[in-house]
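Order-wise, the sequence lines are chains A and B. So the mapping is simple: the working numbering equals the position in the first sequence, first residue as 1, plus 25. So the mapping is simple: the working numbering equals the position in the second sequence, first residue as 1, plus 193.
I should point out that these hints are in silico values taken from the structure, not numbers from a laboratory. Quick caveat: nothing in here was measured; it's all calculated off a predicted structure. Incorrect hints may have been included.
Heads up, simulated DSS-like pairs for lysine-lysine below, C-alpha to C-alpha not over 25 Å straight-line [what the hints assert, rightly or not]: (1) B:370 - B:320; (2) A:165 - B:502; (3) A:239 - B:593; (4) B:683 - B:370; (5) B:593 - B:408; (6) A:241 - B:525; (7) B:502 - A:239; (8) B:320 - A:241; (9) A:238 - A:108; (10) B:560 - A:241.
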Amino acid sequence: MLTIVSKTEPSALKGNLMRVAAVIIALAASAIVMAFMGYNPFVIYGKIIEGSLLSAYRLTETINKTIPLTVLALGVAVAFRMKFWNIGAEGQMMMGAYGAALIGFQFSYLPKPLLLILMFLVGALFGGLWALIPALLKTKFSTSETLVTLMLNYIAIKWVSYLQYGPWKDPKAVGFPKIANFSDNAILPKVFGVHIGWIITIFLAVLIYALFKKTKLGYEIGVLGESETTARYAGMSVAKITITAVLISGGLCGCAGMMQASAIETSLSDQLSNGIGFTAVIVSWLAKLNPLTVIIVSFLFSMLMQGGNYIQSAMKIPSTMSAILQGIIIFFVLGCEFFVRYKFVYKKKNNGKENA
Amino acid sequence: MSDHPYIELKNICKSFGTVAANRNISLTVNKGEILALLGENGSGKSTLVNMLSGIYSPDSGSIFIDGNEVMFHSPKDAIKAGIGMVHQHFKLVDILTAQENIIIGNKNASFIKSKELSQKINEVAEKFQLSVNNDKKIYNMSVGEQQTVEIIKVLYRGANVLILDEPTAVLTPQETKTLFDILKNMKKQGCAIIIITHKLNEVMEISDRVTVLRKGQSIATVNTSETNPRELTEMMVGAAVSLEIKRTETEKSSSPLLSVKGLEVTDSENIKILKEISFNLFGGEILGVAGIAGSGQKELCESIAGLIKASSGNVLFMGDNILGLNPGDIIKKGISMSFVPEDRLGMGLVAGMDIVDNVVLKSYKQKKGMFVDRVYGKELAENIVKRFEISTPSVNHTVKKLSGGNIQKVLLGREISLNPKVLITAYPVRGLDIGASYNIYDVLNEQKQKGVAILFIGEDLDVLMELCDRIMIINNGQIMDIVNPDSVTKEDIGLLMLGHKKEEDSNADNC
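Based on the provided sequences and hints, a complete structural model is requested.
Here it is in structure tokens:
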């Protein structure tokens, strides 16, 4: 008879080794799937690496994907640390992009640095306010933030769709439903061939790391995440902390939206978020809400996405192959957390006489 | 009697992770015998009886019932073998009647024949001289009645071995006496009874033999008539321990530090939980609060500490009304009042954070700027660890991984390091072993000598009577009396806890 037994928590090193082992096993399991589909897994893995790293263009593409994913995952991490289950990164990103686009189109005459800073601020503000709705509903009426943030995603995306197909449709696009491009001074400049967002992303990750580890606010968010009763006992203002943290969380997602709109799309589009708001939830969780680890995990996920695109165009293998790979890796790494805490013990079944 | 004991545990071992909860424990119980299982918290008592009742299965060792080896895979197997357990926290459904609770989980028939059942229940009750009203709902019952239902439930299922896990922890002296009468009766009927406790006077009163556990090992099994409390304590703790709590004599402050006047608290359904509570608390005294669980102790503490709103009344701290302020305001105003809540890891401490982050919980705001001063925090934590002899690998150790006693010391240490004038403690020794408890009493006495006013919410009447200068008895949210422990008996306090005022007693005599 197999029984599940909890075990002592392994050391940090051993735990991490188990997680690395889980990724390796996941790659092996995926290889079996690929082999069944008639592909040579080694070739596919090689192509994924080739397609995501091995040329300046491809590497740039990978980094371009890493930037929004990291910033969104940071935003999610701030809320998750407080056990506020914000799965609305997608919508907050969209609203951030919308806010930035409003400024980008309205004040296109402003000098570039000023315009970009303004776009950042308004983008963050819109993302933050979009996240504030579920927070207020939660503090006032104890609604589930998980549901409300999720539903607000669709509202945000459909709002942008409405603009794209309606009032903001570019008349020069000859009937094609698309919003006009930004003027040049609303587009983020490049540093070393990649848009300046990468510097901002690293800066934000360090900032959030410091927020968690050093500041009173980060401490308060942590205490509140552990127990609201304790927070109140210690004289903290629960509502104030919740609102501040949620504004930061949504604000970061808004920033991601602004950067994506300005540097990558050079416009607003309902395809802008494309599901990475959900990937960010996974990234944040796999990184155990550690802002610096988030960067690494985001990069690895971006490699998979970029590599997936590459095998589709170069080998005519559907890019869903890499989506399967992502799924299998997540499955194994999350499953590994079970084995970090529990083990199976085999016990001999002994049908003893029970004639009491 | 047969030549083998009715129940025999042989060389039982059980580990959780690397912690060995039981190491080679052996014990025996005969029919018609009460065995007391004595040991401090964490000595492995509960683990052991959980294996006997089928909740855990042992890693090695064997269990014999009436000479036959058995192996339990689930509590069901144990019930089938006639072993019944009454848990410390009752497993009853509040909104159901006694009868419904008793038959719950019995799947022998698809339809419930109510009359037949109640007859059967009454038969069982009569046999063991238990009295219960079958149709009374659990939520209308006192703790003692609920316990009786638990016992009948077990007996109804045909148990002839009864295990009781700290059955008296929640009972008043009177209810305890009733329980002991029941147990003696069952003994006469030939049941084998195991009672877990750490109250020595009860062991002496009720048991025939005592098995003492320490750190997962059985230290000794002795006949109760051949031992005494002192010897038992030494076996339990492993060293000689003085069992007296000294009550230090100190001068009381001339005016009260904390004065509560007409305090009332109502719950969300507008039911008064505290009614007209008025008392004074002086510096240099320990005022004990006695009452059966849920008499308003929690609300009393939390309303004074500003955690819940009071509907009327005043709480004066050195003359200033502080009622209506929230805990943040109270800390900000520099009012040095500390509250050690009963729910340590859920309210007083942050379970998942380390000692440093926990000791700065109330003082981190004092430093200006946006950063938490962990250099100071580390210093403070190291001081507290040293002063209160907290055993921990380091001050960066997660609090929830410490033992109960050490967790309590972190909490008490933090509050005392704030140099309070008023200290409110709710059940500060709950779940602590004897050594750790005495440590806590010493700390409280030390604070009292420094002139601190202490409100001590307790549950063990013996401790309350030894430690406190005055004892306030509350029943159903009302103060019954404030007494001097030297001029009353434990039974007097017990009656007050149950809501019998002295005058009422004399009236009752006249009837």
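Going through the hints against the structure:
1. B:370 - B:320: Status holds; Cα separation ~19 Å.
2. A:165 - B:502: 18 Å, holds
3. A:239 - B:593: 22 Å, holds
4. B:683 - B:370: 13 Å, holds
5. B:593 - B:408: Since the Cα atoms of residue 593 (chain B) and residue 408 (chain B) sit roughly 20 Å apart, the hinted pair holds (cutoff 25 Å).
6. A:241 - B:525: 16 Å, holds
7. B:502 - A:239: 34 Å, violated
8. B:320 - A:241: Violated: residue 320 (chain B) and residue 241 (chain A) sit about 65 Å apart, past 25 Å.
9. A:238 - A:108: 17 Å, holds
10. B:560 - A:241: 10 Å, holds
The structure fails to meet hints 7, 8 from the earlier list, while all remaining hints are met.
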